[in-house]
Amino acid sequence: MNIIEIKNLKKDYALGKTTVHAIRGIDLAIEKGTLMSIIGPSGSGKTTLLNVIGCIDNATEGSVTVGGSEITKLRDRQITDIRLHKIGFIFQTFNLIPVLSALENVEFPLLLIKKHSRLEVRKRAEKLMDEVGLLSLLKNKPAELSGGQRQRVAIARALVTNPDIVLADEPTANLDSVTGSQILDLMKEMNRIEQTTFIFSTHDHNVLKYAREVVKIKDGLIDNN
Amino acid sequence: MGLILKIAWRNIQRHRGKSLIIGAILFLGALIMTIGNGVISGMDKGLAANIVHSFTGDIVLVSDKQESDNVFLEFMGKAVEPINNFKAIKPILEQQDYVERVLPVGKNLAMVLNEDGGTPGNAFLIGTDFKRYNTMFPGRIEAIEGRMPKPGEKGALVPTGARDEFYDFTNIWFMPEGDTLHPDHLTAAAKKDRTALSMKTSVVLMGFNNDNTTTDIRLPIRGVVRYKALNKILGRFVLVDIESYRNCLGYFAAAEKTSAVSAADSALFSSNDENLDNMFSEKGLVVDNRQSGQKRPARQSGAVPTPASEVSSGSIDVDDGTYNLVLVLLKPGESLDKRTAELNKALADKKLDVRAITWKKAMGMIGSMASLIKAALFVFVMLLFFVAIIIIVNTLSMAALERTAEIGMMRAVGARKGFISTMFLGETAMLSAVFGGAGIAAGTIVIKIFQALHFTTTNDIVQLLYGGDTFCPLITGGDLVLALVQLTLVTLIAVIYPVQVARSITPLDAISRE
Numbered sequence: 001m002n003i004i005e006i007k008n009l010k011k012d013y014a015l016g017k018t019t020v021h022a023i024r025g026i027d028l029a030i031e032k033g034t035l036m037s038i039i040g041p042s043g044s045g046k047t048t049l050l051n052v053i054g055c056i057d058n059a060t061e062g063s064v065t066v067g068g069s070e071i072t073k074l075r076d077r078q079i080t081d082i083r084l085h086k087i088g089f090i091f092q093t094f095n096l097i098p099v100l101s102a103l104e105n106v107e108f109p110l111l112l113i114k115k116h117s118r119l120e121v122r123k124r125a126e127k128l129m130d131e132v133g134l135l136s137l138l139k140n141k142p143a144e145l146s147g148g149q150r151q152r153v154a155i156a157r158a159l160v161t162n163p164d165i166v167l168a169d170e171p172t173a174n175l176d177s178v179t180g181s182q183i184l185d186l187m188k189e190m191n192r193i194e195q196t197t198f199i200f201s202t203h204d205h206n207v208l209k210y211a212r213e214v215v216k217i218k219d220g221l222i223d224n225n
Numbered sequence: 001m002g003l004i005l006k007i008a009w010r011n012i013q014r015h016r017g018k019s020l021i022i023g024a025i026l027f028l029g030a031l032i033m034t035i036g037n038g039v040i041s042g043m044d045k046g047l048a049a050n051i052v053h054s055f056t057g058d059i060v061l062v063s064d065k066q067e068s069d070n071v072f073l074e075f076m077g078k079a080v081e082p083i084n085n086f087k088a089i090k091p092i093l094e095q096q097d098y099v100e101r102v103l104p105v106g107k108n109l110a111m112v113l114n115e116d117g118g119t120p121g122n123a124f125l126i127g128t129d130f131k132r133y134n135t136m137f138p139g140r141i142e143a144i145e146g147r148m149p150k151p152g153e154k155g156a157l158v159p160t161g162a163r164d165e166f167y168d169f170t171n172i173w174f175m176p177e178g179d180t181l182h183p184d185h186l187t188a189a190a191k192k193d194r195t196a197l198s199m200k201t202s203v204v205l206m207g208f209n210n211d212n213t214t215t216d217i218r219l220p221i222r223g224v225v226r227y228k229a230l231n232k233i234l235g236r237f238v239l240v241d242i243e244s245y246r247n248c249l250g251y252f253a254a255a256e257k258t259s260a261v262s263a264a265d266s267a268l269f270s271s272n273d274e275n276l277d278n279m280f281s282e283k284g285l286v287v288d289n290r291q292s293g294q295k296r297p298a299r300q301s302g303a304v305p306t307p308a309s310e311v312s313s314g315s316i317d318v319d320d321g322t323y324n325l326v327l328v329l330l331k332p333g334e335s336l337d338k339r340t341a342e343l344n345k346a347l348a349d350k351k352l353d354v355r356a357i358t359w360k361k362a363m364g365m366i367g368s369m370a371s372l373i374k375a376a377l378f379v380f381v382m383l384l385f386f387v388a389i390i391i392i393v394n395t396l397s398m399a400a401l402e403r404t405a406e407i408g409m410m411r412a413v414g415a416r417k418g419f420i421s422t423m424f425l426g427e428t429a430m431l432s433a434v435f436g437g438a439g440i441a442a443g444t445i446v447i448k449i450f451q452a453l454h455f456t457t458t459n460d461i462v463q464l465l466y467g468g469d470t471f472c473p474l475i476t477g478g479d480l481v482l483a484l485v486q487l488t489l490v491t492l493i494a495v496i497y498p499v500q501v502a503r504s505i506t507p508l509d510a511i512s513r514e
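Here the protein sequences come in this chain order: A and B.
Using my numbering, read the first sequence as starting at 1 and increasing by one per residue.
Using my numbering, read the second sequence as starting at 1 and increasing by one per residue.
Hints listed in this document are in silico derivations from the structure and should not be mistaken for laboratory results.
Nothing here was measured: the structure is a model prediction, and the numbers come from that model.
Where a beta carbon is used, it is the ideal one built from N, C-alpha and C, also for glycine.
One or more hints might be untrue.
[To be verified] Some, not all, of what chain A presents toward chain B, calculated at C-beta under 8 Å:
1. Leu74
2. Arg77
3. Gln78
4. Leu112
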């Protein structure tokens, strides 16, 4: 069963008087529960592809269906709700709300949903903090955590709502190799435990071993070679 | 909401510098506004108390024919219309349980004739029964020269303000009969003329009648008086006994109704003799008319100067004559507007041809001065807040842009625009509540301190600003509500643009910025 279906996706950016064709026509189907890596050199369009899948950016042309919803036709409020309920994000650098503790950051999306009791939210967040190995740092603010610890918190937050998909844009780019490996191990483990679809982008070929599926992008198109 | 407030509060703490700038502006604005409102409220109350309890009462009855409500201070306006039926009005007023005291008075303009041949002056006359006046406004005027008139005594009480003004016009220094000159009371101009100072102990008033004739009367000055508060305004009015006033203005005097008519004059009325010379052969026209016992229309001509001492001071009912105004003092705590409306209804029901107006209307500009100053202060405070709003908008907008990554991330993980709006509103509302609230509290404390210090003044202009002789600012519930409304408005207006800026931040903006 496909959790994501992309048909003839094109994305253009206006750069002054020039139009940049970031994605030139991608067709892609991603199965539920997979751990996929999107690789490609810088500027190949992988971040743009993740942004469109994650309802962060709009498609110029084509259709994108996420969890059964054709997202290119939705309004801002509906798009936001899809991000809240169906998608988890792990960003490269900007990660956490600085004024909230690690635990509160994980609780944040659940509190936005407003369906769970305060106790349920707390239990779910603590469980995930335990799974990412940060049970001892629940009350620490982001500024008091290392880069790797912040990414762990971001992973826990991305998973806390039980989303269909977790998108991670170069999650190890700013981490040292050891910490980066730990993060990818963790994502793999969480993919196994939570049965969540993980899609991460990277330009580091060394991380390919963590993915079950790899999509290579070059110049805004899928490189079938 | 708990989450939003938590984030808002922590953001305030995180961005202490900006929070303090915004907070300081809100604090100062609220402080100035509270003190200003307190001063104006105190002035409002002081003016009300000093004018109502010294001069006008709460409600003033005027004739239905009276065009302008500004009956006391319309300097160049028409004469105040007469009220000839006070005896019918009086029982109606007595039936109203909210009425404390009543005083009918005459009020109009007269010319102060210059017996030295120079320029004449003008005087606003208040014709009254002195004993009643003292009962209505006990202890509100004090004689600084001479004395207060004895019951039934004819004469004038000249306030210091009026005397100074008379001197400016006539170069005559008026002083009470039987008193000596008080050099320390002389104006600067009078002191200069000290050696050749023209002093008079009586005043000749020329009243204008409604048929373009005039009546002159000479009145002895019994005392020079000073109002205990607001002497600058109230001291323009010369108090004269009601019968002299009526004679001067050509109104019916009460004595006219009770004068004895001689048999000869009686015969004259019944005469069918067409020879008019018989009618005008011996006595002056006015005297004849007054002895006739016939009622003449109000403000009819009576064109012979009449010394006050010649006016009968026998046992008469002064309410038989003409008045211009009826001053009504309400019982403490009564609602002015409500009671004015009720009184108007009662008067209309009886078809008494008079209407009730509030003292504020009767005093024209002075009555509405507190409201005007309050409005001016409100505009000033709003200007202050406008500047504050600009600074707050700028600071918050910068803060929103600086937090693009944070806001973009919140949006990325599912926060709606409404959440971002509420978060910003929450931050500004907290600042308003904390700093604005502190400003209001500090303003209230400052007002309490002023109240305790009990500043007093004898300066007329300062008294006007104080609303009396004591500076007694007052903070009312209404002022506090107004302050809160203004703060809320400022908060809402100041947050609109920053919220728009924050709402427009997308997750993509955050990524692009990174």
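Consistency of the hints with the structure:
no.: 1; hint: Leu74; verdict: 13 Å, violated
no.: 2; hint: Arg77; verdict: 6 Å, holds
no.: 3; hint: Gln78; verdict: 11 Å, violated
no.: 4; hint: Leu112; verdict: 5 Å, holds
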